[in-house]
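Same order as they appear, the protein sequences are chains A and B.
Per the working numbering, the first sequence starts with residue 1, numbered consecutively.
Per the working numbering, the second sequence starts with residue 1, numbered consecutively.
Any given hint could be a false lead.
To be verified - Using C-beta positions, here's what the derived DEER-type ranges look like:
| id | chain 1 | residue 1 | chain 2 | residue 2 | range |
| --- | --- | --- | --- | --- | --- |
| 1 | A | G450 | B | L14 | 49 to 57 angstroms |
| 2 | B | Q66 | A | H130 | 58 to 66 angstroms |
| 3 | B | L14 | A | A455 | 39 to 47 angstroms |
| 4 | A | A455 | B | A64 | 41 to 49 angstroms |
| 5 | A | R402 | B | A64 | 46 to 54 angstroms |
| 6 | B | A64 | A | V462 | 39 to 47 angstroms |
| 7 | B | Q66 | A | R478 | 21 to 29 angstroms |
| 8 | B | E97 | A | E26 | 36 to 44 angstroms |
| 9 | B | Q66 | A | R88 | 41 to 49 angstroms |
| 10 | B | E97 | A | L11 | 29 to 37 angstroms |
| 11 | B | L14 | A | L308 | 54 to 62 angstroms |
| 12 | A | S93 | B | Q66 | 46 to 54 angstroms |
| 13 | B | Q66 | A | I83 | 58 to 66 angstroms |
| 14 | B | E97 | A | H130 | 51 to 59 angstroms |
The set of hints was computed from the structure by calculation and includes no laboratory data.
We treat Cβ as the ideally placed atom computed from N, Cα and C, and that holds for glycine.
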Amino acid sequence: MRLLRRFFIRLSNFITGRRADQRLREEMAEHLALQTQENLRAGMSPTEARRQAALKLGAAQAIREQHNAEQGLPIAENLLLDIRYAFRMLHRSPVFSLIAIATIALGVGATTAIYSVIDATLLHPLPYPHPSELVRLEANLPGVGARDIGISIPELRDLQNSGIFQYVSLSFFGTNNLTGSAQPASIASKSVTPAYFAVLGVDAAMGRTFDPHDATPGFNNEVVISDGLWKRAFGADPHILGKTLRLDNDPAHVVGVMPASFRDQGQSSEQRGTDLWAAGGFADDPAPPPMRGTRLPFETIARLQPGLSPEAAQGRLDALVASLKKQYPADYPPQGAWTLHLTPLAETLVGNVRQSLILLFGAVGLVLLISCVNVANLLLARASARGREMAVRQALGAARTRLIRQLLTESLLLFVLGGIAGFAVLFCARKFLLQFVPESLPRLNDISIGWGVLAFAIVVSVAAGTIFGLAPAWLTSRLNLTATLRQEGRGSNGSRRRSRLRHALVIGELALSLVLMVAAGLLLRSFWDLFKVQLGFNPTRVMAIETSLPNPNDPKTDIYGTATQEAVLLREVLRRNRTIPGVEETAVSDQAAIPLGHGQSDRRTVPFLREGQEVQSTQPPLIDALIVSPEYFHVLGMTLVRGRLFVDQDLEATPLVAVINQAAARMYWPGKDGKGEDPVGKRVRLLGLLGRARPEWTTIVCVIADARTESLADPGIPQVYLDIYQHPFKFLAFYLRGQVDPAAISAQVRTQIQAVDPELPIYRAETLDDVLSSSLSVRRFSMEMVAFFAATALLLAALGIYGTISFLVNEQSREIAIRLALGAQRRDILRMVLRQGLTLAAAGAGVGLVGALIVSHLMTGLLYGVSPYDLSTFAGVTAALTAVAIAASYVPALRAMRLDPITTLHAE
Amino acid sequence: MKEKPDVLQGTLALMVLKTLDVLGPRHGWGIARRIEQISGDLLAVNQGTLYPLLLKLEHEGSIASQWGASENNRRARFYHLTAAGRKQLQAETREWEQTAAIIARFFEVKAKDLS
Numbered sequence: 001m002r003l004l005r006r007f008f009i010r011l012s013n014f015i016t017g018r019r020a021d022q023r024l025r026e027e028m029a030e031h032l033a034l035q036t037q038e039n040l041r042a043g044m045s046p047t048e049a050r051r052q053a054a055l056k057l058g059a060a061q062a063i064r065e066q067h068n069a070e071q072g073l074p075i076a077e078n079l080l081l082d083i084r085y086a087f088r089m090l091h092r093s094p095v096f097s098l099i100a101i102a103t104i105a106l107g108v109g110a111t112t113a114i115y116s117v118i119d120a121t122l123l124h125p126l127p128y129p130h131p132s133e134l135v136r137l138e139a140n141l142p143g144v145g146a147r148d149i150g151i152s153i154p155e156l157r158d159l160q161n162s163g164i165f166q167y168v169s170l171s172f173f174g175t176n177n178l179t180g181s182a183q184p185a186s187i188a189s190k191s192v193t194p195a196y197f198a199v200l201g202v203d204a205a206m207g208r209t210f211d212p213h214d215a216t217p218g219f220n221n222e223v224v225i226s227d228g229l230w231k232r233a234f235g236a237d238p239h240i241l242g243k244t245l246r247l248d249n250d251p252a253h254v255v256g257v258m259p260a261s262f263r264d265q266g267q268s269s270e271q272r273g274t275d276l277w278a279a280g281g282f283a284d285d286p287a288p289p290p291m292r293g294t295r296l297p298f299e300t301i302a303r304l305q306p307g308l309s310p311e312a313a314q315g316r317l318d319a320l321v322a323s324l325k326k327q328y329p330a331d332y333p334p335q336g337a338w339t340l341h342l343t344p345l346a347e348t349l350v351g352n353v354r355q356s357l358i359l360l361f362g363a364v365g366l367v368l369l370i371s372c373v374n375v376a377n378l379l380l381a382r383a384s385a386r387g388r389e390m391a392v393r394q395a396l397g398a399a400r401t402r403l404i405r406q407l408l409t410e411s412l413l414l415f416v417l418g419g420i421a422g423f424a425v426l427f428c429a430r431k432f433l434l435q436f437v438p439e440s441l442p443r444l445n446d447i448s449i450g451w452g453v454l455a456f457a458i459v460v461s462v463a464a465g466t467i468f469g470l471a472p473a474w475l476t477s478r479l480n481l482t483a484t485l486r487q488e489g490r491g492s493n494g495s496r497r498r499s500r501l502r503h504a505l506v507i508g509e510l511a512l513s514l515v516l517m518v519a520a521g522l523l524l525r526s527f528w529d530l531f532k533v534q535l536g537f538n539p540t541r542v543m544a545i546e547t548s549l550p551n552p553n554d555p556k557t558d559i560y561g562t563a564t565q566e567a568v569l570l571r572e573v574l575r576r577n578r579t580i581p582g583v584e585e586t587a588v589s590d591q592a593a594i595p596l597g598h599g600q601s602d603r604r605t606v607p608f609l610r611e612g613q614e615v616q617s618t619q620p621p622l623i624d625a626l627i628v629s630p631e632y633f634h635v636l637g638m639t640l641v642r643g644r645l646f647v648d649q650d651l652e653a654t655p656l657v658a659v660i661n662q663a664a665a666r667m668y669w670p671g672k673d674g675k676g677e678d679p680v681g682k683r684v685r686l687l688g689l690l691g692r693a694r695p696e697w698t699t700i701v702c703v704i705a706d707a708r709t710e711s712l713a714d715p716g717i718p719q720v721y722l723d724i725y726q727h728p729f730k731f732l733a734f735y736l737r738g739q740v741d742p743a744a745i746s747a748q749v750r751t752q753i754q755a756v757d758p759e760l761p762i763y764r765a766e767t768l769d770d771v772l773s774s775s776l777s778v779r780r781f782s783m784e785m786v787a788f789f790a791a792t793a794l795l796l797a798a799l800g801i802y803g804t805i806s807f808l809v810n811e812q813s814r815e816i817a818i819r820l821a822l823g824a825q826r827r828d829i830l831r832m833v834l835r836q837g838l839t840l841a842a843a844g845a846g847v848g849l850v851g852a853l854i855v856s857h858l859m860t861g862l863l864y865g866v867s868p869y870d871l872s873t874f875a876g877v878t879a880a881l882t883a884v885a886i887a888a889s890y891v892p893a894l895r896a897m898r899l900d901p902i903t904t905l906h907a908e
Numbered sequence: 001m002k003e004k005p006d007v008l009q010g011t012l013a014l015m016v017l018k019t020l021d022v023l024g025p026r027h028g029w030g031i032a033r034r035i036e037q038i039s040g041d042l043l044a045v046n047q048g049t050l051y052p053l054l055l056k057l058e059h060e061g062s063i064a065s066q067w068g069a070s071e072n073n074r075r076a077r078f079y080h081l082t083a084a085g086r087k088q089l090q091a092e093t094r095e096w097e098q099t100a101a102i103i104a105r106f107f108e109v110k111a112k113d114l115s
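If we strip away everything but chain A, and leave its shape as in the complex, we get (with noise of 0.2 angstroms):
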């Protein structure tokens, strides 16, 4: 209490400036007047009573520097004299100064951004309340290998009832044509249980969400819209609550709107920006009844009972599982052995990038770390300049402490600079940087450059500069008082080891550039790879344009309800797109088979029987099933192998007909010696298609080469094609092949379809080659950042090594110049500079290789088509680092070359 208050009013005393001298000086010098007075009262003269007086009291200096410490705060004091003092010291060498703050303020602006980005989606993946309380439940079949197969509305009571979570939730990602505003518009939308947003624990900004204890059986007919739609669409109608929409031309009453700020949960970018919530008990219409076997393909969200954790809540849901196995055996037959599985959220959402994140966050942390090590190379440099400055002033008596602390103050000053100058680059180009962010990152939208960022990139310029600017400081204030003063700085013990120091450092900064450019290197490989890889199909010169039917709750409204209904419009649309200047070919199928495409069903795989080999007991196979018109297959490019492909004649009416790929008639149809028996003309029977109660006998009558429209790193995923003639779809892609304008396309399309049904939205018009290229585009940026990482690093580590040869030419230049004066050849002394850039090029390659290689193995999962150990990127970039080590130290080695002995020596 008592150290506080003192210690507050010295620094107002600091802070104000206020100085109590001329107190101090009135009081000694009465102090003084009394002495002497008692002194002349015990009977000395005048002068010697005044002189005792004097002795008595002390030295009157030491006393007042006393007073005044005990006044103010000295260190705080001293700092500000240091921080004056270091500003004065980088005003005297702006060079110097410019170049080190400006590579710090790359290595903390790169670090900083990609922490933005980490804290944003890593961090805090989850922008709700508790965010450690929800999960997702997943419902898997391990015993036939199936996974997250749904979950069927009993089994939803049983959670519900079970007592683990608070809330549990299903919702279903689709989109729905929201049709009475100027453009029929398609909206993604979600359709929930009544406890999603409490699941969440958001609450509507406007109006209410929905009740969560609401049981109406079917769809209740109320809906929540996002902030977004609500300006959007209704111009942010004050009114809103209350109107009715309408969707797939089912009306809807709008009962809330939420927060700006809310985002979905979602895997998907689509998902995040659902703009829509319509609520349901999934138990009666459209929804087929609650049986517990019937299981509903949803997403399963859950929010646990606070204070449990997710193992705990596993081992319960286990016990759940265990006692509704032994009430329902028929259900839960024992070789599917079904399962829960818990999952916190926040990994889910995450999983995908994760890798990539923390492979940018490492190549940006070697950036840093390179960057510091240049910077304290330069301090070392300059150390040896003001060898003489701390000569005289240790002289002078300065404490080393005392140095130190002034030197670290620098360097501090140096560091925080350039952190805030990176932070300030970084803050003013955010618009422009984020661009470069690929969309298919989770919360991009929360990625903010705030307080947490500029607090993050302050405590790293603070630790890099105390780390890195100790060393400095240290050698700098450790030298041989005498020797240096008598030598003027020509070199002394001190610079020696300052010299080894600074050789580690360049070695360091080759090593770790080594590692970047390896990492670089093999992601480049990969993309290169992957880029190149034989397609199977030719996305050039196509577009493909979306739209989708609505899906009326009631199928008695709905008019495209059958194959035949819909075939109609396709056809016409078809008809009228082929009529489009340019146009060629045009063909039809569902968005999941746009190839290599982000759809809303990103895949659908369905279960599917062989004939003659259907067994009961055993959980089928599974297969990706796509949707196409017959069209198809020419537009895409796709060869035929053997059969027929799809015709006119193939109708709803006629027998079902089925294409499927090569992978899946080795799959599938390996035959008896292993040799593959033809598939054509076997039938199969799918199940768990949409629209149809009773899987049919479906029998194939084409194989076609395999081609990658699912997944360009995997090329033999087992496919089988549809006749959209026979399986009618809402979610539609209409392509077209030829030449037309991409930007005029969207337009001429719209005419085209709302010509036949006004109703329809069109949207998401791209080329397949646009389509290629966002499939990788994670890919892509995690390549592009690491190289151009490792760009930065080699750019650094070549002025590193071109620093370090320069200084050592300089302090050998009275050397070179003997032996020049003695006849050495000019050649010589090229050579011998360079040998020693070689040198340390070679010691930091063989460490940097040893890096590399721990560094190869861990990214093994992110390569695709190079061994993690790849011969020739190694040698590649070995050879690389060492040319630039040798040309930057070609520079100073030709100027060590052309060195005039006469010249050097009568200088010295």
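Starting from the structure of chain A, add chain B where the hints point.
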């Protein structure tokens, strides 16, 4: 320059407080003189060191000061004990007595008492 050992500093502060407690408001010289009379040569030289200490005690809130007239009718700074200072003095006196008693007992102990 060697700093005075902490014990001495602490003792000096205690002496200042006690002086002000016994004699009431005093100026610097008065305090110095009083301490010199009692403690002998502790303040025989370097009476000036008293002033930084007085400032410190004032910062800590144990004493306060204002200008007043001295014996020879000149302006002098008079120090007096505050309530907090009195409390501090009592506490420290108690502590000091305890310490002194322990030390004294320690010195009284002879080798044969321990065996």
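**Prompt:** Hint numbers the structure violates, sorted upward?
**Reply:** 5, 7, 13
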